[in-house]
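Asks: Protein chains in written order, with the working numbering: chain A, 1 to 170; chain B, 171 to 604; chain C, 605 to 942.
Incorrect hints may have been included.
[Unchecked claim] Which stretches of chain A does chain C cover? Using the computed rule of at least three CB atoms under 8 Å from a CB of chain C, they are:
id, stretch
1, 38-48
2, 54-68
[As the list claims (entries may be wrong)] Under 7 Å between C-beta atoms, here's a sample of chain C residues computed to sit facing chain A:
id, residue
3, T696
4, G762
5, S785
FYI, nobody ran anything at the bench for these hints, they're computed from the structure. C-beta atoms are modelled at their ideal positions from N, C-alpha and C, and glycine is treated no differently.
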Amino acid sequence: MNLFASIINTATRFTRYIALLVMASMMFFITFGVVNRWLFTPIIGDIELVQLGMVVLIMCGLAYTEQAGSHIAIGLIVDRFPVKVQKIFEIFTNLLTTVVTLTIGFIYIGVALNHQNHMQLSTGLLNIPYYPIDYIIVLGFVMWGMQGLLKLVLPIVSIFQTDQESRKEV
Amino acid sequence: MAVEVVGLLGIILMLILMFLRVPIAIAMVVPTFLGILYLKDWNTLTTAVETIIWNHSFSYTLSTIPMFVLMGELLYVCGISGELFATFRAWLSRLRGGLAMATIGSSALFAAASGSSLANTATMGVIASKEMINSGYNKSLTGGSIIAGGTLGVLIPPSTLFIIYGMMTEQSIGQLLVAGIIPGILLMVFYLVTVYIVVLIKPRLAPSIKEKVSWKEKFISLKTTIWILLLFACVVGGMYVGLFNPTEAAGVGAFLTLIIALLRRKLTLISFIEALSSTLKTTGFLFAIIIMAFLLNYFLIITKIPFLLSDFLNGLALPKFALFGIIILMYILLGAIMDSLAMVVVTLPIILPLIISMDMDLIWFGVIIVLVMELAMISPPIGMNCFVLRGAAPDLSLEDIFKGAAIFMIPIVLLIAILYLFPEIALYLPNNMY
Amino acid sequence: GEDESTNESKNVSADKVEVIELDVNNWTSSTHHYAYNVFEPWKELVEEKTDGRVVVNIFHGSALGKSSTVYQDVSGGLYDVGLIVANYFYDTGFFPYTVGNLPFAFEGPEEAASILQEFGDKYAKDDLTDIVVLGPTATDGYDLFSTKPIKSVADLKGLKMRVNGKSEIAFVQGLGGVPVSLATEDTYEGLQKSTIDTAFYTPIGAVGLKYFEPAPYITKLAVSVTPIIPIINKDFYDSLPADLKTIFDEELNPKLTELITASYETELESSHKELEEFVKERGEFITLSDEELENFRLLGEEAWTAWINDANDKGYPGEEMAQYLFELLEEAGYPIPY
Ligand code: NA
Ligand code: NA
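Put together the whole structure using the sequences plus the hints.
Replies: Structure representation (structure tokens):
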């Protein structure tokens with residue numbers, strides 16, 4: 001259990017720092033593009049690079065957002081229930097999150113394979129093939145799903161855990 | 171089962187899930203998946219997932235969102251928001267209700283360099299709530315003025331909501347952002363007047379403050395505001411005169427903010443990572459909602475519910491102002507119980523055909539939509555700004571905040587009415603863009 | 605054969621004949637000439653010819669999907685009928701049709717429609733089995749919409765020129781511009797926000813999309829056309845009863861192509877007049893001398909070479925294809941590009 005949690009969290013930290021790096025790079029790159037256009041000529045394919053950056057930024061941010069509990073939810077009703085009942089709702093919520101995101105990840109594996117082997121699409125100017133970008137999307141949703149799975153398993157474990165065991169862990 | 175019934179069941183399921191604390195993005199996509207599988211097949215579902223996710227992440231326009239959010243986060247970590255509040259306090263604290271006014275004023279100025287209303291509320295919330303409560307201000311007035319000020323974050327450009335609206339309606343994002351300037355300033359003035367009137371009626375809500383600030387100190391305190399005005403001039407001004415497009419404005423804006431933070435020697439690697447991380451969290455939840463909302467929209471469109479509803483409303487043959495009134499009323503009611511973003515992304519495809527058939531300007535309607543979203547953000551029981559402030563300022567109870575927020579709903583509704591009568595207030599600047 | 609006839613008799617014997625719904629995605633707005641010249645009349649025709657057994661739902665404004673993903677969307681069943689812009693699918697089996705987008709390949713839609721049909725039958729049809737491909741046609745000739753006056757090739761130096769797909773890149777580079785790739789729906793804002801300085805576009809389409817507002821300098825070039833290919837979802841088509849299928853094959857499908865062709869042909873003249881009127885005060889409607897036009901024409905050859913190379917890379921017989929196209933053009937009495 002602890003091993004699973006630490007693998008997922010390490011992977012999430014990894015995607016998070018990729019996203020942060022890409023975000024900062026986009027800021028510099030867009031500024032560089034503007035200055036370059038004013039002083040010299042426009043950069044060919046600047047838009048495609050920003051688009052590519054956006055995919056990485058969004059997808060690598062999904063799992064971190066889940067980990068930080070920042071996906072917006074409405075707690076108005078559930079918050080009023082006893083903690084035990086809330087845990088059951090939480091299991092249900094995280095089950096849905098896991099199923100949905102892993103389904104999307106699974107679908108996008110198909111998309112990526114199709115773009116890799118059959119319909120070999122690529123961007124208009126820089127000829128960046130779509131399929132590696134598709135795999136980034138797969139990564140994003142699968143990682144989100146893994147964070148969901150982690151949050152799904154933890155309350156289940158905690159329900160069956162006796163107080164003594166949890167004291168030992170501390 | 172008729173397709174419309176499937177659509178209706180989908181909407182009901184979505185609402186149930188939302189109230190069971192399922193994240194909004196997931197709550198939108200569960201009925202979508204089930205609905206598409208029921209009405210079409212797995213193949214259609216995979217295609218919808220493929221092209222909709224692609225179109226809304228591999229996107230140039232949408233990169234504006236993280237950059238505008240990053241601007242605000244960088245200003246926060248380098249302490250500008252605190253100094254802004256101090257400036258306005260120096261100038262206004264001697265007035266009755268002066269601290270509440272200072273909160274609104276500094277929020278408005280901060281809004282000129284930050285794209286998100288939640289960030290605005292959280293940022294000003296920490297600073298302003300402490301000072302106001304310590305000075306003996308009423309808690310409701312404290313909470314109300316902070317969250318009201320927070321709403322200015324999305325009306326005064328830069329603004330994430332205008333970008334999302336512009337993308338959904340294929341309207342010019344530059345024009346939309348610029349359209350928010352005058353209504354934003356007006357709303358700030360209305361808020362200030364609201365504070366003035368409230369304090370006039372109930373003076374005990376805001377004790378007067380004796381502290382004396384010299385003119386010299388007052389003028390020295392203005393220097394922080396110069397940074398913000400400079401940023402606003404570069405980003406929004408540059409876009410207005412056509413130096414760059416909104417995406418470039420956002421990227422350059424974030425970069426300039428970084429330079430300001432470095433010049434002020436307030437930025438460390440750790441605080442830079444902190445600002446980026448906050449931005450990433452906001453980007454994460456926003457795009458989760460955006461992507462899932464477009465999947466939901468595909469589902470709703472094949473159920474024909476949007477057309478059914480707009481046919482129904484059109485069939486009533488009401489005069490224009492009555493129909494408009496119904497739409498606003500609907501949004502106020504929905505806004506009470508829904509997250510503002512979810513509300514708009516779900517309803518816009520339904521409302522839009524109606525607005526177009528009423529011959530209303532879509533840039534102008536963007537400003538109206540942002541105003542109804544502001545109402546939704548501060549109205550109980552579901553008001554995200556209130557929740558965020560509750561998290562940022564533990565001294566304030568949710569009841570205090572909602573009570574204070576209720577007063578500030580009046581100026582928003584008033585502004586909507588004024589904009590209906592005088593659309594030029596919103597349209598003058600965008601119509602005269604370069 | 606047998607299965608279909610039993611299905612048919614079942615349908616007829618039942619009191620209520622099952623209504624088949626056909627979803628059309630119009631990625632232009634509800635006020636575009638596609639809406640009133642093509643989709644609305646086609647809807648009427650379909651419902652009339654099938655006695656109401658097929659009901660057409662038109663979704664305007666990219667409601668069901670963008671123009672950049674029509675192939676995926678139709679083959680995946682997001683909707684049943686859509687229009688392929690060949691250049692957006694340069695990497696797919698639609699590649700052969702992109703020959704039509706090369707500089708000065710065709711002068712107008714009628715010419716393109718007749719030639720591309722034969723060309724496509726020979727080089728594209730066999731690879732496009734996951735959808736039903738209807739007769740190809742094309743837009744009217746593209747003029748150049750610019751934010752600055754363009755009176756010679758030299759005026760284009762360093763400008764950001766919108767390219768509509770890979771085949772335009774070589775031409776734009778030959779002209780001395782910087783290619784910027786943008787979808788049709790982003791073009792207006794691109795011109796307005798100076799993401800791009802110029803765009804080649806159909807004069808007709810440009811009237812509806814108001815490109816003259818951000819780009820009031822219009823150079824009359826008829827540089828190229830954009831091939832448009834209507835496609836139908838295969839499952840939808842296969843599920844049609846035999847008699848309806850015949851109606852579609854013989855009347856409705858060809859009619860859709862004809863409506864598009866006719867829409868471009870009839871609207872061209874009035875559009876040019878309208879554009880001239882629109883830009884009178886804020887810009888200029890520029891007609892080039894034969895000499896200057898010849899300069900543009902010569903620079904087009906690079907684009908043909910690049911296309912032939914791409915074709916060869918993709919495993920098509922590039923030179924042979926270009927040669928075949930020139931033969932078709934000559935046979936039909938049209939001018940060849942260079
Ligand atoms: Na703002
Ligand atoms: Na609310």
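Asks: Taking the hints in turn, state whether each one holds.
Replies: Cross-check of the supplied hints:
no.: 1; hint: 38-48; in the structure: holds (count 6)
no.: 2; hint: 54-68; in the structure: violated (count 0)
no.: 3; hint: T696; in the structure: holds (6 Å)
no.: 4; hint: G762; in the structure: holds (5 Å)
no.: 5; hint: S785; in the structure: holds (4 Å)
Consistency with the previously given hints fails for number 2 only.
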